[in-house]
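J.: Read off the chains here:
Number of protein chains: 2
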Amino acid sequence: MSKTAYSALCARHVRMYRLSHLHSIASWDQSANMPAKGNEARSLALAEMGGLLHQLATEAELKGLLDAAAQEDLDDVERANLREMQRAWRASNALPQSLVEAKSLANSRCEHAWRSQRPANDWSGYVENLREVVRLAREEARCLSAVTGLAPYDALMDQYEPGMRSAEVDRVFGDLRQWLPGLIRDVLEKQSRETVLRPVPPFAQAAQKALGHDAMQLMGFDFEAGRLDESAHPFCGGVPEDVRMTTRYREDDFLPSLMGTIHETGHGRYEQNLRRDWLGLPIANARSMGLHESQSLSFEMQLGSHPGFAGLLRPLVVRHLGDQPAFEVGNLNRLLTRVKPGYIRVDADEVTYPAHVILRYEIERPLIEGQIEVEDIPALWDAKMQELLGLDTRGNFSDGPMQDVHWGAGLFGYFPCYTLGAMYAAQFFAAMRRETPDLDARIAAGDLASVFDWLRSRIWNEGSRWETPELVRRASGEALNPAHFQAHLRARYLG
Amino acid sequence: MSKTAYSALCARHVRMYRLSHLHSIASWDQSANMPAKGNEARSLALAEMGGLLHQLATEAELKGLLDAAAQEDLDDVERANLREMQRAWRASNALPQSLVEAKSLANSRCEHAWRSQRPANDWSGYVENLREVVRLAREEARCLSAVTGLAPYDALMDQYEPGMRSAEVDRVFGDLRQWLPGLIRDVLEKQSRETVLRPVPPFAQAAQKALGHDAMQLMGFDFEAGRLDESAHPFCGGVPEDVRMTTRYREDDFLPSLMGTIHETGHGRYEQNLRRDWLGLPIANARSMGLHESQSLSFEMQLGSHPGFAGLLRPLVVRHLGDQPAFEVGNLNRLLTRVKPGYIRVDADEVTYPAHVILRYEIERPLIEGQIEVEDIPALWDAKMQELLGLDTRGNFSDGPMQDVHWGAGLFGYFPCYTLGAMYAAQFFAAMRRETPDLDARIAAGDLASVFDWLRSRIWNEGSRWETPELVRRASGEALNPAHFQAHLRARYLG
Ligand SMILES: [Zn+2]
Ligand SMILES: [Zn+2]
Chain G
0 MSKTAYSALC ARHVRMYRLS HLHSIASWDQ SANMPAKGNE ARSLALAEMG GLLHQLATEA
60 ELKGLLDAAA QEDLDDVERA NLREMQRAWR ASNALPQSLV EAKSLANSRC EHAWRSQRPA
120 NDWSGYVENL REVVRLAREE ARCLSAVTGL APYDALMDQY EPGMRSAEVD RVFGDLRQWL
180 PGLIRDVLEK QSRETVLRPV PPFAQAAQKA LGHDAMQLMG FDFEAGRLDE SAHPFCGGVP
240 EDVRMTTRYR EDDFLPSLMG TIHETGHGRY EQNLRRDWLG LPIANARSMG LHESQSLSFE
300 MQLGSHPGFA GLLRPLVVRH LGDQPAFEVG NLNRLLTRVK PGYIRVDADE VTYPAHVILR
360 YEIERPLIEG QIEVEDIPAL WDAKMQELLG LDTRGNFSDG PMQDVHWGAG LFGYFPCYTL
420 GAMYAAQFFA AMRRETPDLD ARIAAGDLAS VFDWLRSRIW NEGSRWETPE LVRRASGEAL
480 NPAHFQAHLR ARYLG
Chain D
0 MSKTAYSALC ARHVRMYRLS HLHSIASWDQ SANMPAKGNE ARSLALAEMG GLLHQLATEA
60 ELKGLLDAAA QEDLDDVERA NLREMQRAWR ASNALPQSLV EAKSLANSRC EHAWRSQRPA
120 NDWSGYVENL REVVRLAREE ARCLSAVTGL APYDALMDQY EPGMRSAEVD RVFGDLRQWL
180 PGLIRDVLEK QSRETVLRPV PPFAQAAQKA LGHDAMQLMG FDFEAGRLDE SAHPFCGGVP
240 EDVRMTTRYR EDDFLPSLMG TIHETGHGRY EQNLRRDWLG LPIANARSMG LHESQSLSFE
300 MQLGSHPGFA GLLRPLVVRH LGDQPAFEVG NLNRLLTRVK PGYIRVDADE VTYPAHVILR
360 YEIERPLIEG QIEVEDIPAL WDAKMQELLG LDTRGNFSDG PMQDVHWGAG LFGYFPCYTL
420 GAMYAAQFFA AMRRETPDLD ARIAAGDLAS VFDWLRSRIW NEGSRWETPE LVRRASGEAL
480 NPAHFQAHLR ARYLG
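As you go down the protein sequences, you meet chains G and D in turn. Per numbering that gives the first Met the number 0, the first sequence starts with residue 0, numbered consecutively. Per numbering that gives the first Met the number 0, the second sequence starts with residue 0, numbered consecutively.
The set of hints was computed from the structure by calculation and includes no laboratory data. Computed from a predicted model, the values in this text were never measured in an experiment. It cannot be assumed that every hint is accurate.
Which copy is meant is left open, because identical chains are indistinguishable; a pair holds if it fits in one copy or across any two.
As the list claims (entries may be wrong) - Computed list of lysine to aspartate or glutamate pairs in DMTMM-like fashion (alpha-carbon distance at most 25 Å, straight line):
| id | residue 1 | residue 2 |
| --- | --- | --- |
| 1 | LYS208 | GLU229 |
| 2 | LYS189 | GLU60 |
| 3 | LYS208 | ASP228 |
| 4 | LYS62 | ASP452 |
| 5 | LYS2 | ASP185 |
| 6 | LYS36 | GLU229 |
| 7 | LYS208 | GLU250 |
| 8 | LYS339 | GLU100 |
| 9 | LYS62 | ASP72 |
| 10 | LYS383 | GLU188 |
| 11 | LYS36 | ASP221 |
| 12 | LYS208 | GLU327 |
| 13 | LYS36 | ASP452 |
| 14 | LYS2 | GLU167 |
| 15 | LYS189 | ASP121 |
| 16 | LYS36 | ASP228 |
| 17 | LYS208 | ASP348 |
| 18 | LYS383 | GLU327 |
| 19 | LYS62 | ASP391 |
| 20 | LYS2 | ASP439 |
| 21 | LYS36 | ASP322 |
| 22 | LYS2 | ASP251 |
| 23 | LYS36 | GLU374 |
| 24 | LYS2 | GLU127 |
| 25 | LYS208 | GLU167 |
| 26 | LYS189 | ASP403 |
| 27 | LYS36 | ASP174 |
| 28 | LYS36 | ASP75 |
| 29 | LYS2 | GLU466 |
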């Protein structure tokens, strides 16, 4: 039996993959390099390409090819690839091209303006652009909802974490809300008896950059297939063959940039280790945003805050920043595990981080569902920050709803993935420890290969071969179980 | 009378303009940023886009639209735009899409390998890739020749300098060959009596970079619409709204990078000053490669080697590199006008530069016409370098035929433009002096506005409004006249 239709589908996907390569690099450049006056032309160029890719993903022949391929004699891998092609087709065909182009333009404009509005704390300027972004996101949610039968917010979330529903998020976040406040209280109480020396600034940007490069090397990043640059909001972009990570530097503190870089390195290695022989086809893609975040959190939290990690980091820190009492191993470990409620999600420790995510989830869901408007965000933000972390954020938009790029870039339904990722990561490391009982000693000795090999074979190389629940079960031996996250936090912070 | 067809053509050109924006930025990135392992995927992505742009430029409907638009009631500007659309259509339709894609892939591969082969003096490795590039360039020349009725080499050259023929190049270069060797001899004789202090290295890269930025500012570059980065071979890329210039640094000498940067700034300002209200349409484009080079040489040679320019440069040099005896104004001027036969075209002074171009022209023309093969290049190169500049280049491929990116990138018929550009520039400055008799005093006083305003109104803002001979006549009051170039060299170097 021939595979004509399947082969034709593969050729079309490879073509889209190649064209989207240019979109990815130009998007990275827009954040990392582009001067101000280039933005209008870049936004128009990216929108044109977004429209073209959408057009290619919705060509009339595709439906027939997908139906024909389903009747062909495919092996298991080809069948999984076809399943992902079908999923991509459903997602693309839910949206009219005019909406795709309008979204690209509005998101790009909002995000670009945000780069100067955030430092100026200019909420009213920002909200003018955000209103249009939200309007289009609601329209998108309606379109996706009509096709999938899901509720509007669930339909958006399903793009990033296929199969996840807000009912399930409610259950998991409900579980968290039960024990998290008490755990934060206990940890703060325990840590209040510890003495922690703050590193004494300044830390020159060039030295931090060199330190970041060494840390990426320690974490196995392949610099022949990627770069580290700077942007207002750190991200991991580019393409699997050429991963473009970004960070930002503050002269008064080096840890946020360093640990942010280690975080993005987790994303970067996932991309760098997707199977080369599948690249260009949907089956090669990273499985989901939650899984992606599980890899960055494996690097930043499971490894980065591991009691043995300070000993690995110390020589690099001393090499680039010189020595000082704060860099003593015990103190470095206390710095890396310090819990302190704060304004900024990306700077948050792993104990308070879930609170930031719950807050965003509780705002973006009613925002998409039309129960609130963009003007209502600040008051809700202030109330929830007070309630969850006891912080006063009134009037501080820069460190409040303007701190993240997501909403301005039209990403709604994405935030829950961060905390799902933290749970996956804890579950994966629990599985590793069952298989390799001396894992913690190995990590402390700088032998990170056991961790990387496990992640490579169980997660990175699997791409989108399995749907998320199956991938998690195959990798860790059981379905998603939030108990591992709680056990991890208790052992590390109260053990 | 409606302009339906003309409007439809404009919309199609704007779409191509936006998509080619992504190609330009990704190409720049390939030279300035990309790590080694990214090359295969990037080459495939650029080839895919090259093929797509070619497909859009050759769509069946275009011929009918072009014919219909010719019957519509267009004003003079629209008619000039239509003329350029027709020219673009003829050029695009001469080549089958498979050839366009093969060329893109072969050129990209050859150029990438060249980046490591050149430092290794690896001619035999380079020639393996170059052979395929030449094979495809000959095929291209045959296709273009069939459409235009021009000889194969003329057909290639016509893409870069429309209307220029090798008979005319023979005439101009024949004129040069008459007086250039004697002039070089006289200048070397005169300069042998001068004392010139060499700047004492080292010159830190960061200081040179800052100096280059200041020089670009002096020359009016808009940093909100462009950048300066590094690449193996300096070039000016990007898009008019976001010009991406590159340079390279040597710690033992700062002048090659500085003057190269000033050169590229001339290209950059031409692009930055193309008419905004025409952008996206062919009429907005820079007129030709020879005209483009006339702008870079106006900056690098007409201004950069002007007797008053050393006084403008000195404060910048001293600010970034500290002072030393070599930076005294008179000595700096002698350095900037020093004539010395050398291996490297891009480092050549303006007196010996034409010899480098004649040499390349005399090799690439028979190469395209099939009278010689790539294996014959080194022997011809060695013989002509000896004959024209008295230099022995045997075995030194890095500083010989591997010094330029052009041939590896498939650019044949381009080299003559450099010397045509030098002649245009000399003619333009002669015209400026007739209109502004105190021009030289203004330049010496740092008042460069007269020069920039003249170039902006006569050249930059005109885009492709006129064909080259008409643009030159309108700008300077007469047709191309090589006597201005000779007079310029005699006045500056023997005056
Ligand atoms: Zn992340
Ligand atoms: Zn040039």
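J.: Does each hint hold? Answer for all of them.
T.: Results of checking the hints against the structure:
no.	hint	verdict
1	LYS208 to GLU229	both (10 Å within a copy, 19 Å between copies)
2	LYS189 to GLU60	neither (63 Å within a copy, 75 Å between copies)
3	LYS208 to ASP228	both (9 Å within a copy, 18 Å between copies)
4	LYS62 to ASP452	neither (39 Å within a copy, 58 Å between copies)
5	LYS2 to ASP185	neither (61 Å within a copy, 75 Å between copies)
6	LYS36 to GLU229	both (19 Å within a copy, 21 Å between copies)
7	LYS208 to GLU250	both (11 Å within a copy, 23 Å between copies)
8	LYS339 to GLU100	neither (42 Å within a copy, 56 Å between copies)
9	LYS62 to ASP72	within (18 Å within a copy, 44 Å between copies)
10	LYS383 to GLU188	within (22 Å within a copy, 83 Å between copies)
11	LYS36 to ASP221	between (33 Å within a copy, 9 Å between copies)
12	LYS208 to GLU327	within (21 Å within a copy, 38 Å between copies)
13	LYS36 to ASP452	between (45 Å within a copy, 22 Å between copies)
14	LYS2 to GLU167	neither (39 Å within a copy, 58 Å between copies)
15	LYS189 to ASP121	neither (39 Å within a copy, 65 Å between copies)
16	LYS36 to ASP228	both (21 Å within a copy, 17 Å between copies)
17	LYS208 to ASP348	within (22 Å within a copy, 39 Å between copies)
18	LYS383 to GLU327	neither (37 Å within a copy, 67 Å between copies)
19	LYS62 to ASP391	neither (53 Å within a copy, 66 Å between copies)
20	LYS2 to ASP439	neither (48 Å within a copy, 74 Å between copies)
21	LYS36 to ASP322	neither (43 Å within a copy, 36 Å between copies)
22	LYS2 to ASP251	neither (60 Å within a copy, 62 Å between copies)
23	LYS36 to GLU374	neither (29 Å within a copy, 47 Å between copies)
24	LYS2 to GLU127	neither (51 Å within a copy, 37 Å between copies)
25	LYS208 to GLU167	neither (41 Å within a copy, 55 Å between copies)
26	LYS189 to ASP403	neither (31 Å within a copy, 66 Å between copies)
27	LYS36 to ASP174	neither (48 Å within a copy, 45 Å between copies)
28	LYS36 to ASP75	neither (50 Å within a copy, 30 Å between copies)
29	LYS2 to GLU466	within (24 Å within a copy, 54 Å between copies)
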